[in-house]
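Enquirer: These protein sequence lines map, in sequence, to chains A and B. Throughout, this note's numbering is defined as the position within the first sequence, counted from one, plus 1. Throughout, this note's numbering is defined as the position within the second sequence, counted from one, plus 39.
Any given hint might turn out to be false.
Claimed, not checked - Simulated restraints, written as ranges between beta carbons of each label pair:
no. : chain 1 : residue 1 : chain 2 : residue 2 : range
1   : B       : 399       : A       : 24        : 38 to 44 Å
2   : A       : 79        : B       : 275       : 33 to 39 Å
3   : B       : 318       : A       : 217       : 49 to 55 Å
4   : B       : 402       : A       : 125       : 54 to 60 Å
5   : A       : 13        : B       : 276       : 24 to 30 Å
6   : A       : 126       : B       : 99        : 28 to 34 Å
Since the hints were made in silico from the structure, they are not lab data. Don't be surprised by glycine CBs; every beta carbon is placed ideally from N, CA and C.
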Amino acid sequence: MFIVFLGILFFISYFHISNLVLDVYGRRSFKRYHFENSIRVIVFIAPAFIVLFIFILYPVFETVRLSFYDKFGREFVGLYNYKWAIGDPEFRRSILNNFVWLLVVPTLSTFFGLVIAKLADNIWWGSIAKSIIFMPMAISFVGAGVIWKFIYEYRGPGDTQIGLLNAIIVSFGYEPQAWITIPFWNNFFLMAIMIWIQTGLALVIFSAALRSIPKEMLEAARIDGASELKIFFSIIIPYLEQTILVIWTLITIIVLRIFDIIFAMTNGEWQTGVLANLMYDWMFRGGGDSGRGSVLAIVIMIGVIPILAWNLYKHRQEQKI
Amino acid sequence: MMKKISLSSILSQLLLLFFVIIWIIPTFGLFISSLRDKDLLSISGWWTSLTTTEINEIYRMPGMSAQIEEDGYFKIKGKLFEENSGKKLERFGITSKKINEFNVSEVAVFKDESEVTIDEDGNYEWRSKKAFKKKKGKRLFTTSLNPPSFTFENYKEVLFKEGIGRAFVNTMAVALPSTLIPLIICSFFAYSLTWMKFFGRDTLLAIIIASLVVPLQMSLIPILTIYNDFGALFGVAAKSYPGVWMAHTGFGLASTTFLLRNFLKSLPNEMMEAAKVDGASHYDIFLRIIIPLSIPAFASIFILQFLWCWNDLLVGLVFLDQVPSEIILTAKLKELLGSRGENWEILTTGAFVSMTVPLFIFFALQRYFIRGLVAGSVKG
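Starting from the given sequences, assemble the full structure and let the hints guide the process.
Expert: Structure (structure tokens):
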């Protein structure tokens with residue numbers, strides 16, 4: 002525990018001492034004032050920039066480089082790792098699964114988030130309802146995994162089912178199922194967990210956005226006799242288009258690197274593996290293969306590049322104003 | 040017209056209630072299960088524990104050493120149920136083929152002509168004319184009504200025997216510095232990006248915005264290599280707490296800086312100018328003006344980053360050794376899922392322990408949490 006305080010203290014004292022020295026130095030003469038200012042910029046930026054460089058910038062280039070090298074990162078092998086990936090059935094399975102995840106989770110989370118935000122708007126117990134639906138956001142993916150594994154728990158046909166889902170199925174007279182081992186469909190049972198978590202994110206952002214819709218517009222529509230459903234589809238959804246897009250991309254980024262849920266629930270078995278799991282696997286499988294691991298990381302990266310470009314473009318536009 | 044509106048309002052409230060129930064049930068089930076007796080947990084669904092239920096149990100009476108002589112009989116007396124368990128006996132049997140043969144207070148006769156009676160509270164009396172000669176007593180099959188009962192036994196076991204308690208401390212030792220360090224260095228970084236003029240500022244800002252979406256996976260392999268080389272070079276362990284702090288700092292840096300900069304940009308420029316005219320240095324401004332004004336923003340970012348670090352699995356797996364002194368809660372839970380997959384009392388309780396801190400933060404500081412999320416997403 003002592004080391005924890007030491008670590009934090011180190012950074013505080015770095016800023017404090019270096020700045021005090023500069024303060025004393027800079028007050029002596031006007032000439033030194035400008036010099037002091039440029040030094041101070043460096044003092045302010047240096048730690049964050051060094052961390053950014055070591056943990057983000059350098060690794061991005063290094064990962065690209067490693068993807069063209071052998072498993073130890075020593076010999077140049079050209080496109081060998083990429084060719085391996087294309088021919089590897091596990092890789093194809095992961096890409097397909099990732100794709101299904103990307104199609105289903107952001108869409109449904111955004112949809113549920115919007116619907117619930119609208120339902121909970123202007124109801125006296127709406128904020129309690131929102132709290133409850135938002136709560137899974139605070140829970141770890143692994144914790145959520147345990148929660149849902151308990152729901153999907155399977156016992157043989159004659160035994161008492163302790164998993165909720167099977168208990169319901171059995172009470173309707175059907176056979177119990179080992180849900181997370183049924184290929185292809187098990188993906189959807191894992192996705193349900195992610196939707197359960199991410200709907201809360203969409204919900205709180207939509208709740209804030211709903212309040213920004215001009216009241217007069219809704220009133221006018223009501224007076225004209227539009228039904229609530231009509232208002233929802235013809236006014237609210239078009240008005241929130243931008244927000245919907247933002248939330249959808251936000252969840253897409255999170256889903257693209259999804260790892261914990263699958264790692265905890267199935268460890269990629271029964272054909273549930275996704276890219277991040279396969280990558281983790283290759284980081285350690287057979288002593289670790291940095292070439293193949295890097296290729297998989299790059300494939301995930303390619304997925305976010307359109308979003309990255311779009312963000313930069315928007316940032317550029319804002320700077321101009 | 041009025042009636043139509045109220046009907047649709049009732050329908051939408053019902054729909055909302057439906058969503059709320061679906062969303063709360065999984066967590067609720069976990070919580071209830073963590074408080075149940077571990078033997079009951081594995082044979083009945085958690086929902087049965089909320090109401091009085093019928094259960095079948097087998098009890099073996101003690102043998103000859105427990106007998107006493109009374110009224111010309113040899114007797115063995117005892118209690119089927121634990122004190123204060125609240126159980127009520129319904130029926131019982133003396134063979135496994137007919138477990139419901141006798142009513143409460145009926146006399147059951149064994150083959151050796153010994154008799155047994157049991158009352159509703161589970162007090163039994165087994166008597167025989169001849170002395171009991173066997174070391175083990177006979178079995179009783181009971182059907183009893185079980186009122187809802189909850190216990191903290193699972194928590195005791197999980198915290199002290201299964202190593203979850205230790206993992207909890209480890210997670211705290213990872214998450215706290217991993218939240219405070221980026222907060223400290225990013226506040227200076229964000230300040231200089233907003234209020235200082237220097238060459239390359241716009242480029243740096245663009246890099247931050249690009250880094251926001253770069254997946255963690257891009258950094259794992261090179262950084263693990265750096266850590267291993269560093270460890271070999273200086274003869275220290277490659278995986279350690281400071282290493283994890285810096286990794287979390289690195290991965291959280293872009294978003295922390297971005298959120299802080301957005302906040303700082305909204306502060307009035309005149310205030311800084313006035314302070315500068317008065318001869319305040321940037322550090323003075325930072326300490327005296329920026330920090331007090333930024334407390335709400337700091338709170339939001341602190342919560343976001345803290346929850347991220349607390350709930351993280353991947354970074355903890357890759358940059359820490361999976362040994363008791365370093366393993367974090369999420370990794371420990373995952374390990375238990377593999378090794379104790381059938382012991383639901385350990386899994387449910389462990390999961391709930393891991394959720395205590397996030398849930399506390401969630402309920403106590405929800406406002407800041409939401410504010411941080413909304414601020415981060417509207418632009419990101």
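Enquirer: None of the hints should be skipped; say for each whether it holds.
Expert: Taking the hints in turn, this is what the structure says about them:
| no. | hint | verdict |
| --- | --- | --- |
| 1 | B:399 x A:24: 38 to 44 Å | holds, 40 Å |
| 2 | A:79 x B:275: 33 to 39 Å | holds, 37 Å |
| 3 | B:318 x A:217: 49 to 55 Å | holds, 51 Å |
| 4 | B:402 x A:125: 54 to 60 Å | violated, 20 Å |
| 5 | A:13 x B:276: 24 to 30 Å | holds, 26 Å |
| 6 | A:126 x B:99: 28 to 34 Å | violated, 52 Å |
Taken one by one, the earlier hints fail for this structure at numbers 4, 6, listed in ascending order.
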